[in-house]
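Q: Chains as they are written, first to last, in our numbering: chain A, 1 to 352; chain B, 353 to 854; chain C, 855 to 1147.
Rather than coming from a laboratory, the hints here were simulated on the basis of the structure.
Quick reminder that beta carbons are idealized off the backbone N, C-alpha and C, glycines included.
A portion of the hints provided could be inaccurate.
Capping the alpha-carbon separation at 20 Å, the derived lysine to aspartate or glutamate pairs in EDC-like fashion look like this [stated by the list, open to error]:
1) K575(B) with E744(B)
2) K11(A) with E695(B)
3) K227(A) with E380(B)
4) K4(A) with E744(B)
Quick look at which bits of chain B chain C covers, simulated, 3 or more residues with Cβ under 8 Å [as the list claims (entries may be wrong)]:
5) 426-435
6) 574-581
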Amino acid sequence: MKEKAKRNLKKLTFPTVTFLLALFISGIVLAVMGYSPLKAYRLIFLGTFKTTSTMGNALANSIPLMLAGLAVSLAGKAGILNLGVEGQLYIGGMLGTVCALFLPVQNRILMLFLVLAVSMLGGMLWGGIVGVLKAKFKTNEVVVALMLNYVAILFTSYLAAGPLKDPDAAVNQTAKIPENARFVRLIPRTQITAAIFIAVIVSVLIWFVFQYTVVGYKLRSVGSNAKASLANGIQCGRYLILSMCLSGAVAGLIGSTEIMGKYYRFTEGFSNDIGFTGVAIAALAGYNPFAVVLVSILFGILNAGSLTLGREMGVSSKMFMVMQGIIVLFVATPYLLELFVAWRRKKERGKS
Amino acid sequence: MKAALQLSHITKRFGNVTANDDINLSIEKGEVHCILGENGCGKTTLMNVISGLYRPETGEVFVNGEKAQIDSPRDAMKYKIGMVHQHFMLFNQNTVLENIIVGEERCGAVLKTEEQRKELQQMIDKYQFHVNLDDKIRDLSVGTKQRVEILKVLYRGADIIIFDEPTAVLTPQEAEHLMEIILELKESGKTILFISHKLNETLKIGDAITVLRKGRIVYESKKQNTTAEKLAFEMVGKETKFGGFTRNEYCPGDPVLKVTEVGLKAEKKPVSFQVRAGEILGVAGVDGNGQQELEQLIVGILKQKEGRIEFLGRDISQSSIIERKMAGMAYIPSDRLEYGVMEGESLLFNYLLGNHARKGFNMHGLIQHKNLKLYAEKSVSEYDVRTVEIQEKIGNLSGGNQQKMVLSRELSQKPKLIIAGQPTRGLDIGAIEFVHTMLLKERDKGNAVVLISAELNEITELSDRILVLYDGEIMAEDAADTFTRESLGLLMAGKRKEGEEQ
Amino acid sequence: MQACFDFIFLAVNLAVPLVLAAEAAMIAERSGVICLGVEGIMIFGAFFAVTGSYYTGNPWLGVLLAVAGGALAGWIYGIFAVTLKGQQVVVGVAVNFFAAGITPMVTQQIWGSEGASATVNSIGTMDLSKIFGGSTGISWFVFLTILIVAGMWYFMYKTKYGLRLRMTGDFPLGLQTCGINTNRYKLWAMTASGILAAAGGAYLSVGYGNLFVTDMVAGRGYMGVAANIFGGWTPLGGAFAALFFAVVQTLRYTLTDLELPSQLMQMLPYLVTLIALVLFGRNSKSPEGLGKL
Chain A
1 MKEKAKRNLK
11 KLTFPTVTFL
21 LALFISGIVL
31 AVMGYSPLKA
41 YRLIFLGTFK
51 TTSTMGNALA
61 NSIPLMLAGL
71 AVSLAGKAGI
81 LNLGVEGQLY
91 IGGMLGTVCA
101 LFLPVQNRIL
111 MLFLVLAVSM
121 LGGMLWGGIV
131 GVLKAKFKTN
141 EVVVALMLNY
151 VAILFTSYLA
161 AGPLKDPDAA
171 VNQTAKIPEN
181 ARFVRLIPRT
191 QITAAIFIAV
201 IVSVLIWFVF
211 QYTVVGYKLR
221 SVGSNAKASL
231 ANGIQCGRYL
241 ILSMCLSGAV
251 AGLIGSTEIM
261 GKYYRFTEGF
271 SNDIGFTGVA
281 IAALAGYNPF
291 AVVLVSILFG
301 ILNAGSLTLG
311 REMGVSSKMF
321 MVMQGIIVLF
331 VATPYLLELF
341 VAWRRKKERG
351 KS
Chain B
353 MKAALQLSHI
363 TKRFGNVTAN
373 DDINLSIEKG
383 EVHCILGENG
393 CGKTTLMNVI
403 SGLYRPETGE
413 VFVNGEKAQI
423 DSPRDAMKYK
433 IGMVHQHFML
443 FNQNTVLENI
453 IVGEERCGAV
463 LKTEEQRKEL
473 QQMIDKYQFH
483 VNLDDKIRDL
493 SVGTKQRVEI
503 LKVLYRGADI
513 IIFDEPTAVL
523 TPQEAEHLME
533 IILELKESGK
543 TILFISHKLN
553 ETLKIGDAIT
563 VLRKGRIVYE
573 SKKQNTTAEK
583 LAFEMVGKET
593 KFGGFTRNEY
603 CPGDPVLKVT
613 EVGLKAEKKP
623 VSFQVRAGEI
633 LGVAGVDGNG
643 QQELEQLIVG
653 ILKQKEGRIE
663 FLGRDISQSS
673 IIERKMAGMA
683 YIPSDRLEYG
693 VMEGESLLFN
703 YLLGNHARKG
713 FNMHGLIQHK
723 NLKLYAEKSV
733 SEYDVRTVEI
743 QEKIGNLSGG
753 NQQKMVLSRE
763 LSQKPKLIIA
773 GQPTRGLDIG
783 AIEFVHTMLL
793 KERDKGNAVV
803 LISAELNEIT
813 ELSDRILVLY
823 DGEIMAEDAA
833 DTFTRESLGL
843 LMAGKRKEGE
853 EQ
Chain C
855 MQACFDFIFL
865 AVNLAVPLVL
875 AAEAAMIAER
885 SGVICLGVEG
895 IMIFGAFFAV
905 TGSYYTGNPW
915 LGVLLAVAGG
925 ALAGWIYGIF
935 AVTLKGQQVV
945 VGVAVNFFAA
955 GITPMVTQQI
965 WGSEGASATV
975 NSIGTMDLSK
985 IFGGSTGISW
995 FVFLTILIVA
1005 GMWYFMYKTK
1015 YGLRLRMTGD
1025 FPLGLQTCGI
1035 NTNRYKLWAM
1045 TASGILAAAG
1055 GAYLSVGYGN
1065 LFVTDMVAGR
1075 GYMGVAANIF
1085 GGWTPLGGAF
1095 AALFFAVVQT
1105 LRYTLTDLEL
1115 PSQLMQMLPY
1125 LVTLIALVLF
1135 GRNSKSPEGL
1145 GKL
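Let the sequences and hints guide you as you build the complete structure.
A: This is the structure:
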């Protein structure tokens, strides 16, 4: 048992140190640009816990990030880097919006159920393409996913600018969705909606699938060693496609939870790189669904904080993206940390 | 006279493992010095130290009496030390010429090769290498590739040439040819270090023999002062009996596997054979002659395009891998790390692989963790897998223990047919014995075993019947005792006895 | 006839960044490094070029700054992907993140707006209207690009360093036993890749345009990566594949008569890249040691 606790602690060390290192480097970036990093971090973390509304909004920010992180983790466990979450969530969001606008359903629960189902289907389809192309044509999934992102963003933007455009609006967006398709806000003056339960349920489901089901076992084994899976009767292609479909479905959810919970209409470019943030979250969380939830909350705080920084200190909101870049970079090079540890040990030995 | 190469107190560690422990060795100029030892005894590590791929923790190397600082292969070359690697260091997409000169092009930035070509052609003629400089490596046979490796070393002007297990991939005849080449090299004044785990070879070619065991030198002798028995004893550290397996009398039952007209390679004659209950069918042949295709076709990894495969009387030509497994087919893949285990996952995870459809472990799509753990722990101890706990990553285990893990996974499900591809490749002698014993046990239980191996000893010791593969076709198939080592060697090289029809 | 010339000139001009991106991907991947960071380095290149041109008034000096910055960025990218043994795909993604985040931040610092820089001096085009009529010319960069492609071919197949680089990408261990430090070759290749990608980015900002816009690279780096795959990891193949993608991009500007919505026309190059990758990407053979150290 002690061994196990030790191992878990070790598992925690790496992401924690990575995150702190990233904060440190981001601090240097801020300092070089003439901002005070200490003031900035104080604003981000203390600012978040000032009022219920700021805390709530940080949490609300983390909902789509959670789902994005989960989507990337799901595919990641099966060995695919899903960089297509961005495109999948646009397709899901657009299909959900169309449903909400045109389905003659009065019941809110039924309506939301349908909207979510349809957007999951959309994301599933969009993600499935990546899986099918990789499985059947051995096409590089990263490039395919990125190209599909552009196609999805441009296509939905065409719909929002053309056939579905709200004639009264200056920007490219659809009409507002009816009241009965909206998520109820749980805490007044915040954007927290029931969508947060959806995100948590999804994370528990993913955990369950990988821990207890044979399908999850097969997905993971395909990601671990495709050839050995094949030799033992697991049809790699099929599970590769499945993992991308599931991942896409989770990504598709984001579109609807965002629109039905926050914006109430599809506006072009609404996502703001949520899909890519998902990559950073999943990487830092080591594809563990519960860790994703925690890391997402952290990222939600950073995200909300970076907006505060913009207001109070004039720091560009892109700072958030820079931080993510640094985090992903360090997660991808665990060897760096090993070197650091070895160096520290050597130094200590030198002293004694 | 000064030694051509002298090692003094060489120690090399990998983490907690000491691969070479205080090695002192002296090699005379112009002799063939053999280093003998079983797999994992530290031979290759030692050679990599000499050739500059590894840096030892302590110790010194002297070349011609002078201390040599060898930190990279380039330094080794400076001291005229060259190595012919066990796994060829050749580039498939490039020509023989490019392969030889790379790193030592002897020209400016722009490639100019006329001079080098002339020089190399002279070498090829001198040693009768039969190599065409403009062939692409991917089109060459194993023997030719090895000669390219030797050319590479000669071109770099090596005086001390290290051969690392050079005969492991060769047919007996090719090995014979290599021996001639080595003697020729010795004749022309080169010093040879010959690394091997095969006793007879070292006795045949070596002037001096050094035995390595568990990273230490345990025995040194001139050839004339030693015997095979003595060497064997020192190598293993205990008395070994040669081929001392007990087995039940051979009384084969009904056919278990029937392969009819299945093609292994394009445009080659399809193969037909059968394996019966209670027998071991040895499939002999040099690597790359259709063995991998054969095992993968039987198991179902490769889609069968023609012919018919019957298993226990049922046509399984169209059956999936899992159906075959469930029907009682066990598979020990020849490429363990690619097809056999998942290095990054736990023993438990690996145990479930291929067994994930079995009722005890899979109820309505849910993994039966309790049951699984129980069974896995039982088999792991039964098959003597040395591990701390079942959650250990399998990648942390030695090759022998990984293979035992594969055996426990495959054999504990009471199979009727075992397809064993190169089951002892890269294992230490203890694990080899274990694998052999387990395979014989399965045969004695009345199961059928297909043993695919490039090791002639393994084939002749274990098989009841032998089938020889060459270039995707069956060269011969008969009872084991009708073959001799020599006749098998010829067949593996694609040569039939005179008077026989093609 | 006039329309035909205009089409060709436009296609050639649009091909420049894609060809350079393809070459950048080619040299990195032939050395065995999976290179998805081309996109990010192009962003850096575009940004540095504008900065250089803004402060010196000379766009060529801007290009020089971009190339120097690209070399540095490529080198650092290489340090993470090679020396520090990072997961190459993920490191590439990180580079793209970082570039897409930091450049608008600095843009805001210098020019006060996150989205775009001020306009700067541009290199402009060679005026061919006297010979061919019409208004379009050919960018000076086009000739440079042709030289680069020819040079890359010569380097890869006719020099010993090219030979070693190709072998590094196929089987690094094999070359190490020949006494060659393969990681050094990979690092050089990454640096060269950075230079090429940055030059492509510089073309977008000061070669063809005259300012830096946040999203101006718009996936051209990834298209370059795709063109490299499509072209079979060869200098000439990648260049022709990139040219093909450029022709598709050109359609978007010339087919305005059809009055298709602009978003749909913009989609076209991405779709074609996707289809090309699916249809032809399968047959092209990647370096055997791609991703190995």
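Q: Determine for every hint whether it applies to the structure shown.
A: Hint-by-hint comparison with the structure:
1. K575(B) with E744(B): violated, 45 Å
2. K11(A) with E695(B): Holds, at about 19 Å.
3. K227(A) with E380(B): Answer violated: K227(A) to E380(B) is near 48 Å, above 20 Å.
4. K4(A) with E744(B): holds, 11 Å
5. 426-435: holds (count 5)
6. 574-581: Not satisfied, violated; 0 residues make the cut.
The structure shown violates the earlier hints numbered 1, 3 and 6.
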